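Top line first, the protein sequences correspond to chains A and B. Residues in the first sequence are numbered consecutively from 1, following this note's numbering. Residues in the second sequence are numbered consecutively from 1, following this note's numbering.
These aren't lab readings, by the way, just hints derived from the structure by calculation. The model shown is predicted, which means the values in this text are computed figures rather than measured ones. Mixed in with the good hints there might be a few duds.
No more than 30 Å apart at the CA atoms, straight line, and that leaves these computed lysine-lysine pairs for BS3-like [said to hold, decoys possible]:
(1) K321/B / K126/A
(2) K120/A / K306/B
(3) K392/A / K208/A
(4) K212/B / K279/B
(5) K392/A / K321/B
(6) K384/B / K306/B
(7) K306/B / K392/A
(8) K306/B / K212/B
(9) K384/B / K126/A
(10) K306/B / K279/B
(11) K306/B / K321/B
(12) K279/B / K21/A
(13) K321/B / K153/A
(14) K212/B / K21/A
(15) K250/B / K306/B
(16) K392/A / K212/B
(17) K346/B / K153/A
(18) K279/B / K384/B
(19) K153/A / K163/A
(20) K384/B / K250/B
Far from chain A, some chain B residues (derived; all Cβ distances over 12 Å) [to be verified]:
(21) F70
(22) W75
(23) S86
(24) L246
(25) Q294
(26) I307
For each residue, glycine too, the CB sits at the ideal point set by N, CA and C.
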Amino acid sequence: MAIESVGAQQPARVAFYNNPKFRSVAYQVVLCALVVLAIYAAVSNALDNLQRAHVASGLGFWNQAAGFDISQTLIEYSASVSTYGTAFWVGLLNTLLVGALGIVLATILGFTIGISRLSKNWLLSKVATTYVETIRNIPLLLQLLFWYNAVLKALPDIRDSHKFMGSYLNNRGLFVPEPLRDPGLGWVEAAFAIGIVASLGFYYWARKRQMETGQQAPVALVSLVLVIGLPLVIFFVLGMPLHFDAPQLGRFNLTGGLALQPEFVALLLGLSVYTAAFIAEVVRAGIRAVSHGQTEAAYSLGLRSGPTLRLIIVPQAMRVIVPPLTSQYLNLIKNSSLAVAVGYPDLVQVFTGTVLNQTGQAVEVVAITMLVYLFISLVTSLLMNIYNSRVKLVER
Amino acid sequence: MTMSEGDLAVAELRFIRTETLEQQPPPSSLTGPIGWARENLFSSPFNIVLTILIGLLVLWIIPDLLRFMFFDAVWTGADRDACLESVQNRTIGACWPFVWERLPYFIYGSYPIPERWRVDIFFVLLAVGVAWLLWLNAPRRDIGVVYSFVVLPIVSFILLHGFEAIGLPVVDTVYWGGVLVTMVVASVGIAFSLPIGILLALGRRSNMPTVKLFSVVFIEFVRGVPLITVLFMASVMLPLFVPEELSPNKLLRALIGIAMFSSAYMAEVVRAGLAAIPKGQFEGAMAVGLGYWQMMRLIVLPQALKITIPNIVNTFIGMFKDTSLVFIVGIFDLLRTIEVSRIDPKWATPVTSTTGYLVAALFYLVFCYGMSRYARMTEARLGKADRR
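Excised from the complex, chain A in its bound form (with noise of 0.2 Å):
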């Protein structure tokens, strides 16, 4: 019984190309060159090509005059003297501005439905469960589509438009009131800088004698009364310093007052309605995940209704919903770049489209749009890394 001792044996010898540090450099220096090649291909042919076709390079056509009409302009902006960088601007701007309001109306709508579909309610929440499955499964395109062309579109001409409120709806769009600043209303604003500021410091100071003394501080009432209220009063103390210009139907068409454009109330509602489908199902989820027990525990603490979902389910829930809540509001304003479609001035119609039509500097334009969308994207995600960190569960 000859025990041999395994230890001392030299280690069998590798051949080299079976050494794993080996494999895994020879593995990168493969891809490396692969990846090299393919874009030098890439270059060179599109240097060929852009030559062949005479299509200048370079962003030297940033400062060229665009000689284009927007339909909806935010800043300055005139096709004859302004440049394809203004019309960059131009459409970036109401990018961000339907994507706002989007985010904002699909939220109101996505959190009501969400809490809807698990109400005890039988109709509300199989009517708020029909509204999510239909929505949710039919393309955001289709919608857009409707809206634009089935519903805006064939509401009566000018003459016969819908009136409510002062504001008419027709088939060039919805005009409204538009509210014009009188002086003194800077005071208002100004008021209601110092409510909201005046509010945050009582709302720390509250919690501050909370966490010492035990005391509670009408922290809402007070909020309320600082927000709306103190503006509200220097309003009327200063005469009511707003007026409002309403639009006046003429024979042929509609002047004054603030008109909102089919295309774009089309791109609103069929993006506010579709992301709040998808709004509505991250907010149920949000809240299922709170267990029962949290609720019970809190009952049993002696809290009412009110505080425990205020100081309990709502901070956990939140938790769970805002990550993939920002990640519907990313896609929010991705898909705004579906504009196009409807005609809506967008970022990507406007560059994309005309600008890259005119110029001929495909390269060039796409890239930029896209780094604008990625800029977007990976500063949201930097913003909620941040919130995630914070909100983390501590673990011991």
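Based on these hints, arrange chain B on the given structure of chain A.
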């Protein structure tokens, strides 16, 4: 004192029940339809108001919808006159003869009429592949995978595009359209996204820094931009990047865009599945001497993919809906054929658009809802398998 009071009470008893009563049914106000309604519809004043309001809303929408789809709908007719209110002198709902007449166009696009049997065979082959993969108890699902991911793409290409040598005339992709294109785009997206997505997910978890870097850059880049810009990139930039003679046709460009986009999303879904596999599984596989690919193929991926099936199907649903975006780069998918037909002067009436969109909505609704039911069913089934 209390004692005597108690004695008195006992003494005064005149009747004691000796047998138990039959159990009474609960009061009728708590059972049956009335009880159900009290419990689920009218439990509090707030709920009563809510029920009435929602009920009114439903009563407002449903009859209108039924009227549009059935009672006021036009069922026969030769052209737009049949669906015009001014001609017919009544309210008009959906214009179904428009759909009947255009149905072949919605399904095949401009595919030559004598060759349309090829498309029908493609639909059947596709249905077989999908059923084989989705039916979890189907026989020989390994052959099903080979069939769906290898045989089906090749056969479909030969069938749809044509192959002169075996007597199938070539049909250029510009003639493809309608449901055919929607299905082709969706199945190419699905067939490519799964393998590429798995590779990207593995790359993202790799120990090799360059592999990881390239995977992360690709995934985050594609996920950070809208699909439209990816499609624009594929349709206007791609032709620049390849030699002129190799320039891919329009449909192929869109397919490349869709495949890129969906692989990046699939990669994240698969990565979540990989992250859920306990480290012990990897270590166990390595301890029995399996190499990297053996470990992935035999131990890790089967488990990871199994738990991600619901999410994979949900990604497919998103992808199926997203195929409608090829519309924007000029491909004639279902939505585009409807968009073209609804403004055709022969049928253009105020109700034509809505009718066309309704058809498209029903098509997508049936497929997507079916897929989501399947995902939920699989989820429940997997849950059952785990609950021992």
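For this session: Please write out, lowest number first, the hints stated earlier that are contradicted by the structure.
Result: 2, 5, 15, 20 and 24
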